[in-house]
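UniProt numbering applies: residue 1 is where the sequence shown begins, and numbers increase by one.
To be clear, the hints were calculated from the coordinates, so they are not data collected in a lab. Keep in mind that a hint or two might mislead.
Unchecked claim - No more than 25 Å apart at the CA atoms, straight line, and that leaves these computed lysine-lysine pairs for DSS-like:
#1 K61 to K218
#2 K218 to K6
#3 K6 to K336
Just so it is clear, the structure is predicted and the values come from calculations on it, not from any experiment.
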Amino acid sequence: MRLDLKVVIGVSITAFLLWWILRDVPFGEVWTQIQQAHLGLLLAAVTVATSGFLIRALRWKVLLQPVSSDTSLRNRFAAVNIGFMANNLLPARVGEFARAYALSRIETVSMSAALGSLVVERVLDALVLMGILLAAIFSPSFPASVRLSGGPLGTALNTVIVLLLLLVVVITLLLVIPRTVVRVTERLALAFPGDLARPVVAALEAFLGSLEVFRSPKLFLLGLFWSVGLWLWHGLSFWLAMLAFDIHAGPVAAYFTEAVVGFGVAIPAAPGFFGTFHASASWALSVFDVPAPSSLAFAFGYHLGAFIPVTVIGLYYASRIGLSIEDVGESETRVKEVVKRQHSEVVHLRSRRTGGSEGE
Numbered sequence: 001m002r003l004d005l006k007v008v009i010g011v012s013i014t015a016f017l018l019w020w021i022l023r024d025v026p027f028g029e030v031w032t033q034i035q036q037a038h039l040g041l042l043l044a045a046v047t048v049a050t051s052g053f054l055i056r057a058l059r060w061k062v063l064l065q066p067v068s069s070d071t072s073l074r075n076r077f078a079a080v081n082i083g084f085m086a087n088n089l090l091p092a093r094v095g096e097f098a099r100a101y102a103l104s105r106i107e108t109v110s111m112s113a114a115l116g117s118l119v120v121e122r123v124l125d126a127l128v129l130m131g132i133l134l135a136a137i138f139s140p141s142f143p144a145s146v147r148l149s150g151g152p153l154g155t156a157l158n159t160v161i162v163l164l165l166l167l168v169v170v171i172t173l174l175l176v177i178p179r180t181v182v183r184v185t186e187r188l189a190l191a192f193p194g195d196l197a198r199p200v201v202a203a204l205e206a207f208l209g210s211l212e213v214f215r216s217p218k219l220f221l222l223g224l225f226w227s228v229g230l231w232l233w234h235g236l237s238f239w240l241a242m243l244a245f246d247i248h249a250g251p252v253a254a255y256f257t258e259a260v261v262g263f264g265v266a267i268p269a270a271p272g273f274f275g276t277f278h279a280s281a282s283w284a285l286s287v288f289d290v291p292a293p294s295s296l297a298f299a300f301g302y303h304l305g306a307f308i309p310v311t312v313i314g315l316y317y318a319s320r321i322g323l324s325i326e327d328v329g330e331s332e333t334r335v336k337e338v339v340k341r342q343h344s345e346v347v348h349l350r351s352r353r354t355g356g357s358e359g360e
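Please construct the entire structure, taking both the sequences and the accompanying hints into account.
This is how it looks when you write it as structure tokens:
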């Protein structure tokens, strides 16, 4: 039932956003501009975007260091593509669970440890995207009238800043007093039904095992280095795609759009980020006075171009390691079961403890 509700909400948001961005723009105009796109530049953009998954696999080695120092680049690359394929084809955002499940099938890494490393990955991505967003907004080439006028941009920026500050506070507390945070979370979770509360606490327990990345200056700086490199490289694909659709707003517009899209696709949607990607990209480019038909042609053309390769590669690797689409679709349930079982073991051991340090 919960899965069905997630699907309904995601599809509804996608349908609304697609209607909203196309309500005043004849799709015929958008399609004409897509047909007139520079194919060479668009292929270059897609190539850059697709090669970014290799950078993700390279970064993942750093994030897995606290739990496994020896994982194969090929296996990490396979799991990365399987995860993004799952997000493109399956509902309810199972991609992270699919990545963790796939890696556990081909490496000696537990599902919970792999999932914890992906939570760290999302934290680093959020920090870097926020940095890119701020750098773009305060760049001399960013429209000053928009930067100083507040409005939707100011509201969105303030919201993101507040959320990131809360994220930093939570991570700091987890580093300083981890067991206390878990206990408080357990008590707060009692207000929710058991089926909702247990995964939250269990995921938090899994995350604790990957916090060594934040405790180690070396691992943190390496993870941050790879994250910055990933998003600078990925932003290049946005710039090339913009040029393919005759949008000459400059690299600042490309990186601003990348950051807005990066946060925008976090909103629940149908598989493949349909609607959220297009609405985010269209709004970001409107800040630079790009006409709606052009921005939508870019959004639809680039999104579809980037959608196909990773989906095909993900399906290929899933087949190679013996995973069916059904297996991938059930990965969330399997990972959550393992994480909850490990959490129950931790609680049992904690209840038997008669004294000693809390390890805080």
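Status of the hints after comparison with the structure:
1. K61 to K218: 13 Å, holds
2. K218 to K6: 39 Å, violated
3. K6 to K336: Since the Cα atoms of K6 and K336 sit roughly 17 Å apart, the hinted pair holds (cutoff 25 Å).
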